[in-house]
Amino acid sequence: MNSATSEPITKICVIGAGVMGAGIAAQAANAGCQVVLLDVVEGAAQSAISKMLKTQPAPFMHPKFAKRITPGTLDDIRLVEDCDWIIEAVIERLDIKQKLYGQIAPHMKPGAVLSSNTSTLPLEVLIDGMAAELRPYFLITHFFNPPRYMRLLEIVTGPYTDPDVSQRISEFSDHALGKSIVFCHDTPGFIANRIGTYWLHCAVSEAIKMGIGIEQADAVLGRPMGVPKTGVFALLDLVGLDLMPHVLDSIKTALAKEDAFHALGPAPPLLAKMIEDGYTGRKGKGGFYRLNTEGGQKIKEAIDLTTGEYAPARRPKIDAALAAKKDGLRATVEHDSLEGRYAWSVISKTLVYAATLASQIADDIEAVDRAMRLGYNWKWGPFELLDKLGTRWFERKLKSDGQDVPELLLVTTGRPFYKTVDGQLHHLSFEGHYRPVHRAPGVLLLQDIKRKNLPMAHNSSASVWDIGDGVACLEFHSKMNSLNPFVLSMMNWARKELPKRAFKGLVIYNEGTNFSVGANIAMLMITAKLRLWPIIRWILRHGQNTFDKLKTAPFPVVGAPHGMALGGGCEVLLHCDAIQAHAETYTGLIEAGVGIVPGWGGCKELLTRWSQSNHRPGGPMPPVMKSFEAIATAQVSKSAFEAQDLMILRPHDGVVMNQDRVLAQAKAQVLELADGYRPPPPIDMHLPGPTGRAALELAVRDFVQKGVASPHDAIIAKQLARVLSGGDTDMLDTVSEADVLKLERDAIIELAKTPKTRARVEHMLKTGKPLRN
Amino acid sequence: MTSPQTPIVIAGYARSPFTLAHKGGLAHTRPDEIAAQVVRGLIERTHIDPALIEDLIMGCAFPEGEQGFNIARLVGFLADLPLKVGGVTVNRFCGSSMQAIHMAAGAMQMGAGEAYICAGVESMSRIPMTGFNPMPHPGLAERMQSAYMGMGETAENVARKYGLSRAQQDAFALHSQQKAYEAQTSGRLDDEIVPIKTATGIVSTDGCIRHETTLEALKNLKPAFDQNGTVTAGTASPLTDGAAAVLVTTQEFAERECLKPLARVRSFAVSGCQPEIMGIGPIRSSQKALERANITVDQLDVIELNEAFASQSLASIRDLELNVEKINIDGGAIALGHPLGATGARITGKAVQILCRNGGKWALSTQCIGGGQGIATVLEGL
Chain A
35 MNSATSEPIT KICVIGAGVM GAGIAAQAAN AGCQVVLLDV VEGAAQSAIS KMLKTQPAPF
95 MHPKFAKRIT PGTLDDIRLV EDCDWIIEAV IERLDIKQKL YGQIAPHMKP GAVLSSNTST
155 LPLEVLIDGM AAELRPYFLI THFFNPPRYM RLLEIVTGPY TDPDVSQRIS EFSDHALGKS
215 IVFCHDTPGF IANRIGTYWL HCAVSEAIKM GIGIEQADAV LGRPMGVPKT GVFALLDLVG
275 LDLMPHVLDS IKTALAKEDA FHALGPAPPL LAKMIEDGYT GRKGKGGFYR LNTEGGQKIK
335 EAIDLTTGEY APARRPKIDA ALAAKKDGLR ATVEHDSLEG RYAWSVISKT LVYAATLASQ
395 IADDIEAVDR AMRLGYNWKW GPFELLDKLG TRWFERKLKS DGQDVPELLL VTTGRPFYKT
455 VDGQLHHLSF EGHYRPVHRA PGVLLLQDIK RKNLPMAHNS SASVWDIGDG VACLEFHSKM
515 NSLNPFVLSM MNWARKELPK RAFKGLVIYN EGTNFSVGAN IAMLMITAKL RLWPIIRWIL
575 RHGQNTFDKL KTAPFPVVGA PHGMALGGGC EVLLHCDAIQ AHAETYTGLI EAGVGIVPGW
635 GGCKELLTRW SQSNHRPGGP MPPVMKSFEA IATAQVSKSA FEAQDLMILR PHDGVVMNQD
695 RVLAQAKAQV LELADGYRPP PPIDMHLPGP TGRAALELAV RDFVQKGVAS PHDAIIAKQL
755 ARVLSGGDTD MLDTVSEADV LKLERDAIIE LAKTPKTRAR VEHMLKTGKP LRN
Chain B
4 MTSPQTPIVI AGYARSPFTL AHKGGLAHTR PDEIAAQVVR GLIERTHIDP ALIEDLIMGC
64 AFPEGEQGFN IARLVGFLAD LPLKVGGVTV NRFCGSSMQA IHMAAGAMQM GAGEAYICAG
124 VESMSRIPMT GFNPMPHPGL AERMQSAYMG MGETAENVAR KYGLSRAQQD AFALHSQQKA
184 YEAQTSGRLD DEIVPIKTAT GIVSTDGCIR HETTLEALKN LKPAFDQNGT VTAGTASPLT
244 DGAAAVLVTT QEFAERECLK PLARVRSFAV SGCQPEIMGI GPIRSSQKAL ERANITVDQL
304 DVIELNEAFA SQSLASIRDL ELNVEKINID GGAIALGHPL GATGARITGK AVQILCRNGG
364 KWALSTQCIG GGQGIATVLE GL
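If you read the sequences in order, they're chains A and B.
Using our numbering, read the first sequence as starting at 35 and increasing by one per residue.
Using our numbering, read the second sequence as starting at 4 and increasing by one per residue.
Hints are computed from structural coordinates only; laboratory data are not their basis.
Just so it is clear, CB atoms sit at the ideal spot from N, CA and C, and this is done for glycine as well.
Errors might be hidden in some of the hints.
[Said to hold, decoys possible] Only pairs whose alpha carbons sit at most 35 Å apart, straight line, appear in this in silico DSBU-like list of lysine-lysine:
| # | chain 1 | residue 1 | chain 2 | residue 2 |
| --- | --- | --- | --- | --- |
| 1 | A | K752 | B | K164 |
| 2 | A | K790 | A | K351 |
| 3 | A | K800 | B | K225 |
| 4 | A | K672 | B | K222 |
| 5 | A | K332 | B | K222 |
| 6 | A | K672 | B | K225 |
| 7 | A | K752 | B | K26 |
[To be verified] Computed spacing ranges between beta-carbons, pair by pair:
| # | chain 1 | residue 1 | chain 2 | residue 2 | range |
| --- | --- | --- | --- | --- | --- |
| 8 | A | P714 | B | E215 | 50 to 56 Å |
| 9 | A | Y183 | B | R48 | 55 to 61 Å |
| 10 | B | R48 | A | G652 | 36 to 42 Å |
| 11 | A | K803 | B | V300 | 56 to 62 Å |
| 12 | B | N94 | A | N179 | 54 to 60 Å |
Given the sequences, and given the hints that come with them, work out the whole structure.
Here it is as structure tokens:
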């Protein structure tokens, strides 16, 4: 252990195979590392791995990644010898942790880093008694549960931590683990849990104090405040009620006497009683909410906070909550009702707490906001919420309530915490000056570009932006980023205009919740109801032509998805020259769910991918069967790595772990492809024709008999079989891309004529869920 | 029917362990490799001079991919058989390697050679049960759906036609598992198994047997092929990897070469039936073979009836009026597994083995065949 090294991190050891340790190990495996997972209990690490393979949502991005983890016990401590980074995630007991560090230290290779995943113990205390030569290599890396899905990583360094070490770990965590790093001061609970637990505790005690029902409380805190739709009580059920007293205790013990946390009082007695009775949340018999299955039906029930009795949960329409929809958050907290007063009480206390603490716990307010967004899934951080309410308004309201105003609020002098200056987002420093919001090097965000520039072209559903270096970006921004004629028209604009303006290529990317949920099927429903078959045919052909023009454009097109890329959204990707996908990309051709087959070239593209693949048996059937299986069962990848199995991602496509780096990667690939670019030539295929259809129909028959496919599924599958087998072709003849596109159109028309397909479309539009009929 | 002019004998039997497709120990080993090791093992155990073998006849139900080309010839090369020994691949689906025995016996009756290796192989892990390229004749598939019907559906049809209850099938399957497990633990399966060298180690035990199964567990399984049906994964033979081989010679050759003739091939038969109830195939084929051997069912001491499914086994037992005590004494395919092309050689070899072990006179091995056929062999103890 002589000096910090910049060698890449390829092998990680996690000690402690509890939920967090195992989850961190899985994410390290997802990142491509070799991982050692050790636990004090014999067999615990192995059983944690097995359990994770059955957990949903899955900790592994691909089941095969589990093999990257070597399980063991502390007797195997020598396994840390070739590890670059050792993460301690054992029980929150100082003596145990310190003793463990002593055990690990002699086995660490020079330059290796040791970090603790503690959520409550200060670094200052952890390094007490630690060998001086280890201290530069020690820091706190605090992950959030579940480690794969929560993007926040809090990093705490101490006075002895080597800055190169913290940079090495933060860069690796950013690039490889996909985390957004927030550097925190060494204070109890760091940032997110300090404010988050205060908020949860406050919401529960105020609800009891004010006598408000939990459904009302959740309704008024959920959507208006921009927290997950679970609200507070359902969130606690999810986290586990039994965790609450522990976390409260440990934070409170560590906090100074005058901290506002103490004013909230102890955990309510009801909580202790619920835990005692086994109501520990979803993992137990239920929590604040429970599912009553007595009498054969599943009835959601909610607890009465005063009596402790359960009654059927209501879905109340709360005026105070609805007010936010129309007039913003201020309308909710000003609402003259019990719910309005409750919202004000919880939100104001939480925001005051955050404002009071900010300078003690974080480098700037942006760190606090980001921690709450990424660690607690708030839509807006506390200072963004304050901007929504208006800093001046908030200050006055506090004053009129006779409350103290936090100093930070006075520093604003009525100015917002965030402001765009010269096309760049700035935040207010603790001293009252606007400073640019820091982005990690290499991060490119469309939201930043949008602050600087106007789009080159735009309409209600899509825009085209200049993202520099001769690369353009097509952004969807329709409702749920669904694809409609306006989106297509932006694609056509890009196809026509970009070459004229000497652009080198195009990225298809956006920063919405999802890349795209697919084609807008409302038009299909209306036209099918009116039996306007020629119009449906035209819509299909228009989409096919548009996608084909993008594919054959004289410039490279790179798709850069994240989240859901379904149906038409997946078809867009299939027509791109390359894909740079965020690791959390959920993609597939799910058209069967709405009673149709992919009709914008999805069948054609998946077929050609499988036809050209070497990873399949020879002969005319395998490409057809592989495509059929994926489309008929509407398979959706649970990660970008699974999309490789589905052949939606090809070997030359990339998986990007950090969502903030997707655009930059995609842009880089455009530039790489642009030099000497030639559009892909059209592909002629040999498809089996009627014999292939017959084979697939036999398989479908078995599925219906088995009861895994409905009779209407069979009708859809038969149409799909016709498309994928090439219609009436013979395997010695060639089938062109245009032939398959025509088969796609024919199949959709046939299916649109069936009442059951129309019922599926209608149901999806009404409920957002597929109908099995 | 007169008895054969040239007495034909089975002079050796060996097989690989049978392991579950996809997850078993042989899943990652090529079928030609498994078969070659079994052929080699049979030669070593019988001490036959390989130069005296006329032909290697190899049964395989899906002879493509790694089972493609002419796998029999390639297995000959892999097993270091002298180049002058021939190799032919035959396909009668599940009846393939029993067919191999019949072909050898028939050829020797014609004076064409004195010794044959009759083997069979199937890797159901590596070559899917419909092949990689199922390409049915569209017109036939339309006109006669049963021509390409899945085996599970035919098992349901048989269950329905014979009124076989779920409970009867479950009980039959449990019994098969118990017999196989008992045979395995008491070492009665050891002699026939040739340990197979794989990339990850030697596989020397059967992997399909579920000794832990109970009637309760079987009862709780969902129907596997028809949501309203009675056939489950527990009452069907599992997808299996494996190979089996028997040495078939003239009796005179066996004696001259100091081999150990185990039993005489007395008669055989094939028959066709409706494809949608292919499971009843053993009934007519067995009747024909018994008639040709001029014996009756009551005279049989040993019966190897392939358990493709419990339902078709029960139907065959009922119509043939077989004595249940004498059937599949060391367990059947529901427990041991059913690598399609290999099963015919296994059950014929097994019938001969039990005949020698228990000292009986007459044995029958018979099986049903997808597409609507049955095949049967009558063996006579020496």
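Status of each hint after checking the structure:
1. Under the criterion of a C-alpha separation no larger than 35 Å, the hint pairing K752 (chain A) with K164 (chain B) is consistent with the structure, at around 30 Å.
2. Between K790 (chain A) and K351 (chain A), the direct Cα distance comes to roughly 34 Å. Compliance with the 35 Å bound is thereby established for this hinted pair.
3. Restraint check: the Cα-Cα separation between K800 (chain A) and K225 (chain B) comes to about 34 Å, which is no more than 35 Å; the hinted pair holds.
4. With a C-alpha separation of about 34 Å, the suggested pair K672 (chain A) and K222 (chain B) falls inside the 35 Å cut-off, and the hint holds.
5. The hinted pair formed by K332 (chain A) and K222 (chain B) meets the criterion: a straight-line CA distance of about 27 Å does not exceed 35 Å.
6. For the given pair, K672 (chain A) sits about 27 Å from K225 (chain B) by alpha-carbon distance, which is consistent with the 35 Å threshold.
7. Among the hinted pairs, K752 (chain A) with K26 (chain B) is consistent with the structure: their alpha-carbon atoms are about 32 Å apart, no more than 35 Å.
8. Checked against the given bound of 50 to 56 Å, the beta carbons of P714 (chain A) and E215 (chain B), roughly 55 Å apart, stay inside it.
9. Distance hint check: the CB atoms of Y183 (chain A) and R48 (chain B) are about 58 Å apart, consistent with the given range 55 to 61 Å.
10. A hinted range of 36 to 42 Å holds for the C-beta pair R48 (chain B) and G652 (chain A), which are about 38 Å apart.
11. For K803 (chain A) and V300 (chain B), the hinted distance range of 56 to 62 Å is satisfied, since their beta carbons lie about 59 Å from each other.
12. Between N94 (chain B) and N179 (chain A) the CB atoms are about 56 Å apart, so this pair conforms to the stated range of 54 to 60 Å.
Every hint, counting from the list given before, is met by this structure.
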